[in-house]
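Build the full structure now, drawing on both the sequences and the hints.
Chains as they are written, first to last, in the numbering used here: chain A, 1158 to 1267; chain B, 325 to 441.
Hints listed in this document are in silico derivations from the structure and should not be mistaken for laboratory results. Cβ atoms here follow ideal geometry from the backbone N, Cα and C, with glycine treated the same way. Please note that the accuracy of each hint is not assured.
[As the list claims (entries may be wrong)] Part of the chain A face toward chain B, derived, beta carbon under 10 Å: (1) 1164; (2) 1166; (3) 1167; (4) 1188; (5) 1191; (6) 1201; (7) 1206; (8) 1253; (9) 1254; (10) 1256.
[Unchecked claim] Only pairs whose alpha carbons sit at most 20 Å apart, straight line, appear in this in silico SDA-like list of lysine to any residue: (11) 381(B) - 402(B); (12) 1199(A) - 363(B); (13) 1199(A) - 364(B); (14) 1159(A) - 363(B); (15) 1199(A) - 1234(A); (16) 1227(A) - 1238(A); (17) 366(B) - 1181(A); (18) 402(B) - 364(B); (19) 1159(A) - 364(B).
[To be verified] Covered stretches of chain B (chain A as the covering partner; in silico rule of three or more C-beta atoms under 8 Å from a C-beta of chain A): (20) 343–349; (21) 360–373; (22) 426–432.
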Amino acid sequence: QKEVEQDPGPLSVPEGAIVSLNCTYSNSAFQYFMWYRQYSRKGPELLMYTYSSGNKEDGRFTAQVDKSSKYISLFIRDSQPSDSATYLCAMKPSGSRLTFGEGTQLTVNP
Amino acid sequence: EPEVTQTPSHQVTQMGQEVILRCVPISNHLYFYWYRQILGQKVEFLVSFYNNEISEKSEIFDDQFSVERPDGSNFTLKIRSTKLEDSAMYFCASSDPAGGDSNQPQHFGDGTRLSIL
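Below is the structure:
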């Protein structure tokens, strides 16, 4: 079983839609959960960073972590064409190594 | 906003040659990392570095790889004898040591695309 699983998509939505991106994981030791956005030929850009279970909101973005189900989500409200990118979930136990999902390719159509 | 910078953006090297990838982390950060992403695959951890020594490395980071902080601003990854399968995007990342915590979020550069011929 993969440590982190993420549906690679592609996912295509109309502008203004609510987008839901998800990852599941198997390692109970993961405590820190991140979402990165990656544009073509660019590095991962940190969007959200959460510790343990719960919700975190930042503008149009909401991150949810459910440690009991080993499931994390990123919601994007009022999606814009500029949100078109690959979204990577990443997580780690206490310490340094990040484990990434495969990434979900999102296209928001005007 | 401070950022991690990497040079060169693209490196083409003959198989068997040595290559050095360079990174300038965010200035007050003290934890440094290298990751790689083979085309079409996920981002993979290579190594982390703190206080002038390797703190963790993956099984990918074998004797062909080494890291160095040659001065107060640069962080380098050296591949001693490159192989075809080393072709990938290599990302440098750094994090803030706030409170001595290695769990602060990692910020990434835009990567060096390494092509081995």
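Hints and how they fare:
Interface hint status for residue 1164(A): violated, as the beta-carbon distance to the closest one in chain B is roughly 13 Å, over 10 Å. Given the 10 Å rule on beta carbons, the hint for residue 1166(A) is violated: about 14 Å separates it from the nearest Cβ of chain B. Interface restraint check: residue 1167(A) against chain B, minimum CB-CB distance 13 Å, threshold 10 Å, status violated. For residue 1188(A), the suggested interface contact is upheld, since its CB lies about 8 Å from the closest CB of chain B, less than 10 Å.
Interface restraint check: residue 1191(A) against chain B, minimum CB-CB distance 6 Å, threshold 10 Å, status holds. For the restraint placing residue 1201(A) at the interface with chain B, the shortest Cβ-Cβ distance is roughly 5 Å, inside the 10 Å limit, so the hint holds. A cut of 10 Å between beta carbons decides the hint on residue 1206(A): the least distance to chain B is about 4 Å, and the hint holds. Below 10 Å, beta-carbon pairs count as interface contacts, and residue 1253(A) has one with chain B at about 4 Å; its hint therefore holds.
With its C-beta approaching chain B no nearer than about 5 Å, residue 1254(A) sits inside the 10 Å limit, and its interface hint holds. Taking 10 Å as the C-beta contact cut-off toward chain B, the hint placing residue 1256(A) at the interface holds, the least distance being around 7 Å. This hinted pair checks out: residue 381(B) and residue 402(B) have alpha carbons roughly 14 Å apart, not beyond 20 Å. Proposed proximity of residue 1199(A) and residue 363(B) is supported: the alpha carbons are some 13 Å apart, at most 20 Å.
With a C-alpha separation of about 14 Å, the suggested pairing of residue 1199(A) with residue 364(B) holds against the 20 Å cut-off. With a C-alpha separation of about 19 Å, the suggested pairing of residue 1159(A) with residue 363(B) holds against the 20 Å cut-off. Annotation: proposed proximity of residue 1199(A) to residue 1234(A) is violated, straight-line Cα distance about 24 Å (limit 20 Å). Restraint check for residue 1227(A) and residue 1238(A): not satisfied, since their Cα atoms lie roughly 30 Å apart, outside the 20 Å limit.
For the suggested pair residue 366(B) and residue 1181(A), the alpha carbons sit about 15 Å apart, so the restraint of at most 20 Å is met. Straight-line distance between C-alpha atoms of residue 402(B) and residue 364(B) comes to about 23 Å, which puts the hinted pair past the 20 Å bound. Between residue 1159(A) and residue 364(B) the alpha-carbon distance is near 17 Å, which keeps this suggested pair within the 20 Å criterion. With 0 residues carrying a beta carbon less than 8 Å from a beta carbon of chain A, the stretch 343–349 of chain B misses the three-residue requirement, and the given coverage is violated.
Given a C-beta distance limit of less than 8 Å, the hint that chain A covers the stretch 360–373 of chain B holds, as 6 residues qualify and 3 suffice. Under a criterion of three residues with beta carbons nearer than 8 Å to beta carbons of chain A, the stated coverage of the stretch 426–432 of chain B is upheld, 6 such residues being counted.
Against the hints set out earlier in the document, violations occur for numbers 1, 2, 3, 15, 16, 18, 20.
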